[in-house]
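Novice: Read top to bottom, the protein sequences are chains A and B.
Numbered per the working numbering, the first sequence spans residues 9 to 385.
Numbered per the working numbering, the second sequence spans residues 9 to 385.
Careful: at least some of the hints might be erroneous.
No copy labels: a pair is met if it fits in one copy or bridges any two.
[Said to hold, decoys possible] Think about it this way: if two alpha-carbon atoms lie no more than 25 angstroms apart in a straight line, the pair counts; the simulated DSS-like pairs of lysine-lysine are: (1) Lys333 with Lys52; (2) Lys161 with Lys131; (3) Lys223 with Lys92; (4) Lys225 with Lys103.
Bear in mind the hints are in silico, worked out from the structure with no lab data behind them.
There are 2 protein chains.
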Amino acid sequence: MSDYPAVRTLMGPGPSDIHPRVLQALARPTIGHLDPQFVALMDKVKVLLRYAFKTENPLTMAVSAPGSAGMETCFTNLMEPGDKVLVCINGVFGKRMLENVTRLGGIPVVLEFPWGEAVDPAKVEQALKADSEIAIVAFVHAETSTGVCSDPKPIADLARQHDCLTIVDTVTGLGGIELDVDGWGLDAVYSGSQKCLSCVPGLSPVTFNDRAIAKIKARTHPVPSWFLDLTLVMDYWLDSEGTGGKRAYHHTAPVNSIYALHESLVMLKNEGLENSWQRHAAMHQKLAQGLEALGLELIVDSSIRLPQLNLVKIPEGIDDAAFRKQLLEKYNLEIGAGLGAFAGKAWRIGLMGYAAREENIQLCLGAIKETLAEMRS
Amino acid sequence: MSDYPAVRTLMGPGPSDIHPRVLQALARPTIGHLDPQFVALMDKVKVLLRYAFKTENPLTMAVSAPGSAGMETCFTNLMEPGDKVLVCINGVFGKRMLENVTRLGGIPVVLEFPWGEAVDPAKVEQALKADSEIAIVAFVHAETSTGVCSDPKPIADLARQHDCLTIVDTVTGLGGIELDVDGWGLDAVYSGSQKCLSCVPGLSPVTFNDRAIAKIKARTHPVPSWFLDLTLVMDYWLDSEGTGGKRAYHHTAPVNSIYALHESLVMLKNEGLENSWQRHAAMHQKLAQGLEALGLELIVDSSIRLPQLNLVKIPEGIDDAAFRKQLLEKYNLEIGAGLGAFAGKAWRIGLMGYAAREENIQLCLGAIKETLAEMRS
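Bound-form chain A, shown alone (with noise of 0.2 angstroms):
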């Protein structure tokens, strides 16, 4: 066997940690994608994702890619050409959203916020208010860029009052914190696997509610991918659900990807939802603590802060890089950059899925207490 990578303790803003259970079950023999036991599988994931997403929308299923992908699905099934598109930027992937649209055609409306900063829903609602053509509302949910937290549920509600669908990203969000995409009304939402999930990189779970497919089959212009196609990829996920019937092929899903997907899943279910989500806010505590013990200072406000994702201040006289390589070379232990209005100025800290927990707390404090004391010394 070849190139056996290190076991690193992956503490950055994603891949988080995986459990070995997920590891095993991306390990088992790969089957067809049209074999009736596939065909059940993949009833099965869609049942737990629309657990994890808080929605019974029939077309909750995961894009055969990484989270980019279910973010292009969104935009480039929802918007048409010439559609006005409100978009909401407090970070990276509020600009990536951008790139979306206007490559697709659609004609943006930016609202930014200063990095760090939440949308403010009322800055939504005036743009709303002076614009009556603006069709979507997209902004990010847990924007992985700053650590920062947005509150969807105004915003969908100005949203639907306007007549708008909402696109959110919730890459980081999603088993992490409360997200109730049917009680907030939300319309198409993408996450990515390797997150809060504790899945490997690779996959997209994305939901569609009806508004969201009415205008999608509305459409006077085909959709420009063929792969992300939503109205061809519901052929292949959706027909005759629960009979394990036969089904449209589509193209080649990665098999295996959703198996680990499946029993990360499992492992969701079997925790609980709102545990989960517990279980990130009180490690995060401990953590922030922790880091504010070493004179380390986090950089969002507490009331908007992602508990899965810390933005630390990089202390002074501290060489960024310097810094982060010792962890990973001394400890195997994955913090992450700042990207951005970030870059070089804060480290992220991730505690996603099966990284938060306990241990990992311990050694990450340790690790960075023992690091700065010598780069100090």
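With chain A fixed as given, assemble chain B onto it according to the hints.
Specialist: Same frame as chain A, now just chain B:
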């Protein structure tokens, strides 16, 4: 552990049997997608893919999604709206190329061939002579829906003479039959991980030469996909090659699937590319003789037959679905149904990668013989 899938022998059109070494590699502990160890592994994967494709193209890598996304990567980057594309269709996957062209605003010139026949270079030449505006020639090397091999070299020669780029589908070809990307002058080529490479489904190896890259760099319209935009993907896969240095973050790579791809490519290299082609040819001969001895007819003429995918005419009076169900349930053997023009008329028996071995042929011939006898009695 929940829901352990059956252990199948995969002799359909893919996914194919996966060597246990590849499954073990898949289950190695996940590391970060920017970890120096992972970056070094990506470099190894690029070198091994160049070996498999027979190319020196620096831009040789794996798209983080199935073969359909590899196809889309080629069209979405190389073709601009208004570009005229000669699409050669002799099966399902040529039709899918046409879908890509039309959805992305290209102008297709369609050249259709009967299912079960190869792309005829003489017809390609006629079409290119008849329309000097054609900018791209798209065709399938190994048509998975019909089991037909088209000869890429004369088509590529003609394309170059007429100042056209080629986009070539060899999803089922790579590793199973002769392929010489540089020697044949192919410009943009895509494949899949789950066919003759015996890797898990979910990745699409691709390679682009300088002519293809020049076309991408000369674009006047933005690539309508952020996820598949090669100018961005390149920054992640190519920056500072060989240095193990830092790369630009684009998306979170499917780390574990890359472990598996690496292992399958190491195995291909160890066997030797030409030896792998030879093994597929030899196993095909043996299977074909065995099937003919059972009175079964191979549909595709032996001169253009893909050894790794055998179209077998369903004998009169045999119920297609019941027959395949029996193979699956009694022998855990998957063979493929016919697609498109061959639906209900043919079976597709794959001998791809690790599935192309003596024990599989014995199982397949034995199970078919017994099942035919039972159904006829």
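Novice: Between copies, within a copy, both or neither: which fits Lys333 and Lys52 at Cα up to 25 angstroms?
Specialist: between (41 angstroms within a copy, 22 angstroms between copies)
Novice: When no copy is named, should Lys161 and Lys131 be tagged within, between, both, or neither for a Cα gap of at most 25 angstroms?
Specialist: The answer is within: 15 angstroms in one copy meets 25 angstroms, while 59 angstroms across copies does not.
Novice: Tell me, please, which holds for Lys225 and Lys103 at an alpha-carbon limit of 25 angstroms: within, between, both or neither?
Specialist: Between. Shortest inter-copy distance 23 angstroms satisfies the 25 angstroms Cα cut-off; intra-copy 27 angstroms does not.
Novice: Please sort Lys223 with Lys92 into within, between, both or neither, judging by C-alpha distance up to 25 angstroms.
Specialist: within (14 angstroms within a copy, 31 angstroms between copies)
In this structure, none of the earlier numbered hints is contradicted; all agree with it.
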